[in-house]
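**Q** The lines below spell out each chain.
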Amino acid sequence: MKKLMAMLLTATMVAGLAACGGSSTATTTAAPAAPAETQAAAPAETQAAAPANAGGIFHSVEAFPYASLDVHKDYYSWHTQFYGISETLFRINEDLSITPWLAESIDVNDNVATITLKDGVCFSNGNALTADMVKRNIERLGTENSRYAYMLDWNIECPDDKTMVVTTEKAYPTLINDFATAETGIMDLDGTEDFDKNPICTGPFKVKEFIPEGDCTVERNDNYWGGPVNLDGAVFYKMGDEESKLLAMQNGEIDGYVDIAAASAEIYGTDPDSYQLFTVPTQRRVYAYLNQNQLPDSVREAIVLAIDREQLAAYMNGLISPATGAYAPETPYGKVQQPMWDVAKAKEILESDGYTMGANGIYEKDGQPLNLTISCYAKRSVDTVALLMQEQLKAAGIGIELKIEEDPDGTYMSSHDYQIGMYVSITDKTGDPMNFLEGTIKSGVYMEVAGFGNAETDAMIDEVRYETDANKRAEITNAIMQKVYDSHDMLFIGTYNKNSVLKAGAVGLGVNNPMQFYGIDANTSL
Amino acid sequence: MIPVLLILTFIVFSLMYLTPGDPALMKLTSQGTAVTDELLAIEREKMGLNQPFLVRYFNWVLGILHGDFGVTYSDGQPVLPKLLNGLLYTTILCIAATVFSVIIAIPLGIATAIKKDTLFDNIVRILTFTGNSMPNFLISLLLMYFFCIKVKIFPVIAKASVSGLFLPTLATSIPMISKFARQTRADVLGQLGEEYVIGMHARGVKERVILYRNVLHNALGAIITIVALQIRTLMGSQIVVETIFRWPGVGSLIMNSIKARDFPVVQGAVLILATIQVLVNLVTDLSYCLIDHRIQLE
Amino acid sequence: MSKKETKTLSRRELKKRQLQRKTLILTAIVAVLLLISLCAPMLMTHDPYATDPLAMKQAPSAAHFFGTDYLGRDVFSRVLLGARTSIFATLLLVVISFVIGSVIGIICGYYGGWVDNILMRITDILLSLPQLVLAIAVAGIMGGGLRNALIAIGVTSWTSYARLARSHAMRIRRLPYINSVRMTGCGDIHILWKHVFPNLIGSMLVNATLEIGTTMLSIAGLSFLGLGVVPPEAEWGSMVSEGRAYLQLAPWTVFAPALAIMISVMIFNYFGESVCDLANINEV
Amino acid sequence: MDDKYLLEINNLTVTYGQFKIITEVSFKVRPGEIVCIAGESGCGKSTLIKSVLGLKQLGAQITEGSVILDGRDITRLGVEERRQILGTQIGYVPQNTRGSFNNIRKYDVQYKETMNAHNLPFIREDAIKLFKRLNFPDTERLLSYEPWEMSGGMNQRMAIALAVLQGPKLMLADEATSVLDVTSQKEVIEELAQLRDELGWSILFITHNLGVASHIADRLGVMYAGRMVEYGDIRKVLDDPIHPYTRNLLAAIPGKDRKMPVGLEGRPPLDGAEWEGCNFVPRCKYACEECKHKKYSLNEIVPGHWVSCAEGRGEK
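As you go down the protein sequences, you meet chains H, A, B and L in turn. Under the numbering used here, the residue at position 229 of the first sequence is numbered 229, and the numbers go up by one with no gaps. Count along the second sequence starting at 1, add 526, and that's the number in the numbering used here. Count along the third sequence starting at 1, add 824, and that's the number in the numbering used here. Count along the fourth sequence starting at 1, add 1108, and that's the number in the numbering used here.
Some hints here could point you the wrong way.
Stated by the list, open to error - Some but not every residue of chain H turned toward chain B, in silico, with C-beta under 7 angstroms:
1. 171
2. 263
3. 266
4. 387
5. 402
6. 404
Said to hold, decoys possible - Cut-off 25 angstroms, straight-line C-alpha distance, at most; resulting in silico cross-link-like pairs (PhoX-like, lysine-lysine):
7. 238(H) with 641(A)
8. 840(B) with 1164(L)
9. 846(B) with 394(H)
10. 345(H) with 365(H)
11. 1403(L) with 1393(L)
12. 881(B) with 498(H)
13. 732(A) with 208(H)
14. 881(B) with 642(A)
15. 641(A) with 840(B)
16. 1128(L) with 1112(L)
17. 1403(L) with 641(A)
18. 642(A) with 839(B)
19. 1220(L) with 732(A)
20. 732(A) with 1128(L)
21. 1128(L) with 840(B)
22. 572(A) with 73(H)
23. 238(H) with 73(H)
24. 1220(L) with 642(A)
25. 732(A) with 403(H)
26. 678(A) with 238(H)
27. 238(H) with 483(H)
28. 503(H) with 732(A)
Note that these hints are calculated values from the structure, not bench results. Virtual Cβ for every residue (Gly too), placed ideally from N, Cα, C.
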């Protein structure tokens, strides 16, 4: 059972059926019957692809560069793909739809998936990409990266150079998503001498110079299979400090970067003709656990009603946009949301449960004032969110004290000793609800700390796991979430936006793609 | 000397062990994705976290004796080369900043001591307070704003070269200059009150010689102590300056590994920094004797 | 003092009288500073914790003397409120580490021998301990908050005083008149208190008053990592690091607390120096 | 200015801050002559020396009168000019034995420093030869010691030796022997006398110990509350003191006839220098109304013996 669990969880971490609502064409999920549509040969960057000015070096920054570029290890692939070096079989677009990239198409039949590769795909050293090389890459990923060890259980054969057949124990609906994660980037295992410093991949750029945990310079891959590459190259400076990035951008030394801070966004906003600002909601959400064992139901419900997410987000000027549920309302599985802000109703609920308004505006029950603590931490402005919640809850008659921990996982997340605990995690990775359900809702899992877990929802979660019909999956997920919201165990507050900035006229750098691992590509231009 | 280092590393090891937070968990959730218990177990096994506390410490010590600083948790790379490379740059910055500060602060301290309570003395006093009460990130950003944006002598994105060294040195030196200048002034004032100064003047000895070769020589004891103390805080407070000016020092490595509870890196760093610290203390004690022969070598 | 009166004083008496007057004035200023921080609640124009989305990052104006910060809180009131935490917490820490450090330093410098060796080895160990490891450990074990941050800083901050006091004590021990005082049968305690301590108080005080500024900034460093002051509590050091991101948009959020730190350091330093001048006058 | 005098002090008035310390002091010193200035502490004798040295740091400022050294007016010299004559023309031996040398640096380094300051060569052998001549102990390794290793007396003698190397004409000794024990006192005084005879120095010796003065001095000046009340050949002043204060001072020397002397009540007025009339009035037996207004003047009653007041002369 344990191995299965590991397999399911890591799969969903990146998996996500493409069943995003009306935004894009009805790209069907990897439903067994209909094979995914074949997209145009070149990667479908939905922006206007006509490069304004050709050539040039794109300068950007990377806050925490890794010590190696080995695609299969840890999270290094997130950088190799961002730098336009490595590519994967499938690609997640801005509307979370998944389209073929190195692969031509995928045909899933219950637990057997047949993937055919595109013609003419070759590595930067000219060697052609073969199905066998893809197979060996997947095996290497399974051995090198513990998060993908489950891939070793798949049975992969390559009848010929262009096709690869993957057989899994049971039906595995999120296979296409697995092959859309950056970690499954393909390297020429024979042609690469130094996996850490110069992996040979199929991307539009190849490594020119890489300083471990330092700057990384890439140059155009002349024999790129996907057509002409606009940029001559790109440089990713190591820059950890937000204000220095701002100054570098203002000084024209960098042409654009992602994940900009709220303050910098405001400054760029004041000068629209030299800077282009981009904001796209990601899947990272900030929410609060309301501890079932320490807070009565009425208090939890009142807390959920007492938070005005609009006003809270207004303070965060662009870093966070309001979220009333684990998933975006546009998603089919996000139809159910938490009730909106209603202080009057919150007070009503408290009063009906025997709380009377005390002297200093804080509710009391049999002599005990309702003073709670919010446990939070100082990363990603979670402490600021907690601070604003404190204000709003005080207005609703609930006294709040803040308790800042240096790291949540080591403290209240593992000890479960908290009343209101703030946390941040990625909920529906690549448009599939599984990741959150199994990571936070299922009983006994690491992030299930509010005491919600029960057998009934666990069964429903398993059902979602193996249900291949997207609508049905969404339906069950909505039902699960309804139960979560009714239990008032969790209070969803906001979704983090990926704010990026580009120099006027520049295009690309994956600024509209919610995923972190899409950066420069053949069409990026200055 | 050796017992000091051993005790120190044991204290740090137990401190890190007592601090809540599990390195394996931190590494796996570094990108915010969920993680299963099996994965945690595998990672812990790989990091050797399951072994009892003392066993892990002795393994580490044995490793050190063979010159093996072990492997980092975050990316499995050997610790020593990573530390030494960063340490080289941090030491360069430390030395540059200390030398720069001493060259500016000592004459400033003497001048303010001689011209006590004049306008010059008060202006310098106010400047030193400003320098001393501004956090180094504010100083760094203001310097960067001035030199890179307004005057455009240096690029914002500096290279780890000599030109890239100028701004971080300046940023590190400003608080140090304030400290040294104040300390020199106080000690030189103390010495100026001594009789021999008048005796020397009465013999027609040149002002400069009296000041630099005698008054300063006698005041050097306390000044060296302050300089040595600054070296310690330097190693710690480099992080901000190094991050802002992209100086590839060891500061950010230490800071990140402490936050990620990367024990081998923290232990290795503490051991090296402690050795430097003890050496520095030794040198300062020796210098006391050089200056004032009355202090025998304890 | 009329001209006639001054006539009868000897020159040294007069200089001492001037210094006493100067120290008096500075003590008054320090008292005013402490008074302001004590009765800050009365002087505040706004609730320092009230956030106001409409008034975010407003420039200093009649309504908000020091403008408002990124959450729309009144910086002036927060600086006033911050005065209490910053000044008292830092002063407490600096005084305690000054006393402990000087006592240990003097003992090491004066007696030397194995006492010096052991105490100095302890200071070496503490000096080499990275403050960050200690701060996180203390915060982790005993929880965050200003008190624990001060403990984390305090554990190692006395060592710098110890080393400075030691270097002075070693110098003073060798002064000829110390031997003569010892010849007259004075006990070590008397010598330490009457002769050694006043001699090194001057240089130490200068360093101590400077440490006030540095300690405030190290609290800021810890708050920056979420270890020091728990928001929304106002403390100058953490206010400076909070305002960091808005240096270009709202520089007053940084410069107001930074100025406050500077002024208090200046006042304490002037005070420290005049006290040490007074101490030197008596001794010379 | 006749140049047969090495040092001429004319009508010197010195103030410290806004207090007048000494007024209208005048006397002359011939080359090779040892002049002793005696008086109670606080009478301004040290200020006199400091005004001759003229160092700003000492705080004393000459407001009137002049100091002529070897025919040259050195009252208001620039800092650099003064530096040049200090050491090479005027030597100085302070009262505090630790006041000449930096306690923790070797003698030879400090000797070299001083000599280089006047671009004079420093030759160790010459110094050692001088030490032998002045019969210092352990002359060979003397230069390698540090002042803190030597006794007070030895320090003073080393200071005098260094002065010899610089070759001044006038030596100023500000109570150079007061803090020393009797034996070192004798050594220092004999050394000064020997140097006066060999090198023809003139020495302005400040002391409150008349015994020392009588032993070494050619002329003796007695000061009281900022004024020179009596000045003359040592024998004349000691054997036949004219001014009531001097007579009383000499009577105060114990042991001459086994009888404890009759002390003089009260203390010299601190601001005595500011009074118009005679400032000894409060303590003088012969004080009368007229004394208070009599203008101070030093007049030569007996050749080579100047007095400001001759009341009660002849009485014991």
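**Q** Which hints from the list above does the structure break, by number from lowest to highest?
**A** 1, 7, 9, 13, 14, 16, 17, 20, 24, 25, 27, 28
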